[in-house]
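Asks: Taken in sequence, the protein lines are chains A and B. For what it's worth, our numbering labels the leading residue of the first sequence as 286, then goes sequentially. For what it's worth, our numbering labels the leading residue of the second sequence as 286, then goes sequentially.
You may find that some hints are simply not true.
Given that identical chains are not distinguished, each listed pair holds provided it fits within a single copy or across any two copies.
To be verified - With a straight-line cut-off of 30 Å between C-alpha atoms, the simulated DSS-like cross-links for lysine-lysine are:
(1) 388 - 698
(2) 651 - 388
(3) 551 - 651
(4) 347 - 551
(5) 483 - 388
Read the hints as simulated data drawn from the structure, not as lab findings.
2 protein chains.
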Amino acid sequence: MSAEIICVGTELLLGDILNSNARYLAQQLANLGIAHYHQSVVGDNPGRIQQTMQVAIDRQAKILIFTGGLGPTPDDLTTATIADFFQTPLIEHAAVVADIEQKYAQRGRTMTPSNRRQALQPQGAEILPNPLGTAPGMMWQPQPGLIVLTFPGVPREMYRMWQDSAIPYLCANGYGQEQIFSTSLRFWGVSESALAEKVDRFIQMSDPMVAPYAGQGEVRLRVSTRATDAHTAARKIDPIAAEIMAIGGSHFYGQDDDNLSKVIGKLLIAKGQTLSVAESCTGGVLGAMLTDVPGSSAYFRGGVMAYANEVKTHLLKVDSQLILDRGAVSSQVAEQMALGVRTQLATDWGIGITGIAGPGGGTPEKPVGLVYIGLAAPDGTVSSMEYRLSTHFDRELIRQMSAKQALDLLRQKLLNQ
Amino acid sequence: MSAEIICVGTELLLGDILNSNARYLAQQLANLGIAHYHQSVVGDNPGRIQQTMQVAIDRQAKILIFTGGLGPTPDDLTTATIADFFQTPLIEHAAVVADIEQKYAQRGRTMTPSNRRQALQPQGAEILPNPLGTAPGMMWQPQPGLIVLTFPGVPREMYRMWQDSAIPYLCANGYGQEQIFSTSLRFWGVSESALAEKVDRFIQMSDPMVAPYAGQGEVRLRVSTRATDAHTAARKIDPIAAEIMAIGGSHFYGQDDDNLSKVIGKLLIAKGQTLSVAESCTGGVLGAMLTDVPGSSAYFRGGVMAYANEVKTHLLKVDSQLILDRGAVSSQVAEQMALGVRTQLATDWGIGITGIAGPGGGTPEKPVGLVYIGLAAPDGTVSSMEYRLSTHFDRELIRQMSAKQALDLLRQKLLNQ
Chain A
286 MSAEIICVGT ELLLGDILNS NARYLAQQLA NLGIAHYHQS VVGDNPGRIQ
336 QTMQVAIDRQ AKILIFTGGL GPTPDDLTTA TIADFFQTPL IEHAAVVADI
386 EQKYAQRGRT MTPSNRRQAL QPQGAEILPN PLGTAPGMMW QPQPGLIVLT
436 FPGVPREMYR MWQDSAIPYL CANGYGQEQI FSTSLRFWGV SESALAEKVD
486 RFIQMSDPMV APYAGQGEVR LRVSTRATDA HTAARKIDPI AAEIMAIGGS
536 HFYGQDDDNL SKVIGKLLIA KGQTLSVAES CTGGVLGAML TDVPGSSAYF
586 RGGVMAYANE VKTHLLKVDS QLILDRGAVS SQVAEQMALG VRTQLATDWG
636 IGITGIAGPG GGTPEKPVGL VYIGLAAPDG TVSSMEYRLS THFDRELIRQ
686 MSAKQALDLL RQKLLNQ
Chain B
286 MSAEIICVGT ELLLGDILNS NARYLAQQLA NLGIAHYHQS VVGDNPGRIQ
336 QTMQVAIDRQ AKILIFTGGL GPTPDDLTTA TIADFFQTPL IEHAAVVADI
386 EQKYAQRGRT MTPSNRRQAL QPQGAEILPN PLGTAPGMMW QPQPGLIVLT
436 FPGVPREMYR MWQDSAIPYL CANGYGQEQI FSTSLRFWGV SESALAEKVD
486 RFIQMSDPMV APYAGQGEVR LRVSTRATDA HTAARKIDPI AAEIMAIGGS
536 HFYGQDDDNL SKVIGKLLIA KGQTLSVAES CTGGVLGAML TDVPGSSAYF
586 RGGVMAYANE VKTHLLKVDS QLILDRGAVS SQVAEQMALG VRTQLATDWG
636 IGITGIAGPG GGTPEKPVGL VYIGLAAPDG TVSSMEYRLS THFDRELIRQ
686 MSAKQALDLL RQKLLNQ
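Kindly generate the complete structure, drawing on both the sequences and the hints.
Replies: This is the structure:
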């Protein structure tokens, strides 16, 4: 009862893109407890696609999952090739034509004949709806005991279609009776090795399994187990998760889909407080993170991207003499930026960030990766921290990590308020 | 004369890691002009690895490239499985044993019997040295006309081994005489299908090849050809690229690594002009895009994240009565935001964005995905556009595409100035 993933696309064979779809589907199959021994990548070529299908069927695969090649261009051949393999005619679905037409109309565009090809599916196949794009997939059993699923190559469309339609379809067809359940515990301000040592006795356990992952300054511990239902899984996972959270202390900031922006939002809403930000080196990255959270207008009032020094002095009332004396990248300027934005935007909290994101602009005294974060509090006091990132980090990572560190500084203050 | 990539590792089948090795090797094969039609992923299982090899050989593959499964643990089976497939005994290489011993000693560790397994290679295989790790690979011709290469799964070790040893080996064996050269042409404001139809006669050509790719509102056309050197390739690619650029008209914005922020930067620097931005629904996304470009401080002075209406009126001097009359999401407010930020930050250009990023906040008259972009020009005039995104787009995509559309609006004005 195993599944094979077949990713179709010349861009994969040319190395133009990373195969993130295969990884996602592999994780999802593992979660559903569906055996999965082979993945293939093949170009937009009917003969090679069909030969790959034959190999998979010869290996007794019971689920064939295709990604890519569902679009409107002539090199999108996946649907027609699958139909031909099973000697089944293509049928146009009127509802899909209407859906494509409507989606194009919404964007002020007209459906072309080539777009209409996306409404063709093999006779007998169910439509796998695509809420986020124009190319639907199929859910089909072309012969007894064999399921064929197709998805577009665009990852976000594929993820949504998998969650909304493919999982229920597979479960309805007898798969996924025992699944992997897991929770991810999220930590900031602690290294992977330091955290792993602290929770080593849990990492040594076999059920639930505890595994560390690290990236972009954050560490996650994934606690997972296999069970028939969420309740049984929770009975195994929750006590271990609680112990690990306690060990993590204030480094532990959230769980699963949490991120620092969301956690900040919850804390500010609970206290009825507001926030504004003043960004120099991050130039909008912190604001973008905060406003990425739906509903953030309840506590985030806005901010100033103070890239030029004149913007710092004019809009944030930073003392121009201070910039001359201490430099724009200094703890004093970070503090004045935080105070200035808090006053100008009339918020409870104000954050100021100034630093050297690189690749140019570093000096021996103030190297690339040196960042100062100021935090103005509801009582009008201000504090700051120096944050030193590796000089080997690139501009994007320095900006991302600086913004997250600023959020964590605020989180710690909110917790201790 | 085609190559197949066979990645071995249960962690790939569980989705624990992205298959970046396959992408790297695919790019390298494309660069060397070695045909590559299939990639496979298989677990650490001798039977399945051998079956995958047989399929590749049946498909007339002349180069089999393995990654993964060369380590010292019991589930590292790749080398022994390949030797067994060709019924060849394993031989211990004394020089490799010495190398492993020395590398362990350097790290203060002692070589164990299981580490010693890494010195075993099939009789007749050449060692593929691993300067960065303990597991070497092999370069082997087990039968006439068939090359087998093995690499460890650790990307940085693999990359180095490929560059240092595999490329010279392949070239010495007659590969790499012709390589693929390509350029990507980038377009904004046109759908993949509309553009593909316009350039259909190029897409139908076989040399150079023209292939479309789409994502996040952008379309790319990749023009590629096979040639012995860059000069010969350019003679084939450049005239086609020029014709396509002309057909694309003002939708064409850049080439290869360009993005809209970089193109805007080049245009502003050429004109010696400056820019500021006022962001409501994008809340920093546009500023973050602009400041992601190193050296952007030469033309980007900063901006205001005007999330709350009071920030629009106080910092940007938007008329509060106008917000009451027309709503914060209106062309008039977008224009006043653009004018306000241009004046406050004393820049040549000012951009204002206001819209409904969702998922909440939409109404029948002003649905999620409705965005207004204002642009204040150096002569003090202001204009605006309405940008309607699919109501099915998520918040992140709406914000990203709105910011890019704002950049494109400025780009068009800069070109026509």
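Asks: Each of the hints needs a verdict: does it hold here or not?
Replies: Going through the hints against the structure:
Taking the shortest alpha-carbon separations for residue 388 and residue 698, only the inter-copy value of 29 Å comes in at or below 30 Å, while the best intra-copy value is 46 Å. In this homomeric assembly, residue 651 and residue 388 come within 30 Å of each other (Cα to Cα) only across copies, at 17 Å, whereas the closest approach inside a single copy is 52 Å. With identical chains, the CA atoms of residue 551 and residue 651 are at most 30 Å apart between copies only, with a shortest distance of 28 Å across copies and 35 Å within one. Taking the closest pair of Cα atoms, residue 347 and residue 551 never come within 30 Å of each other, the shortest separation being 45 Å inside a single copy and 54 Å across copies.
Only between protomers do residue 483 and residue 388 lie at most 30 Å apart by alpha-carbon distance; the minimum there is 21 Å, versus 52 Å within a single protomer.
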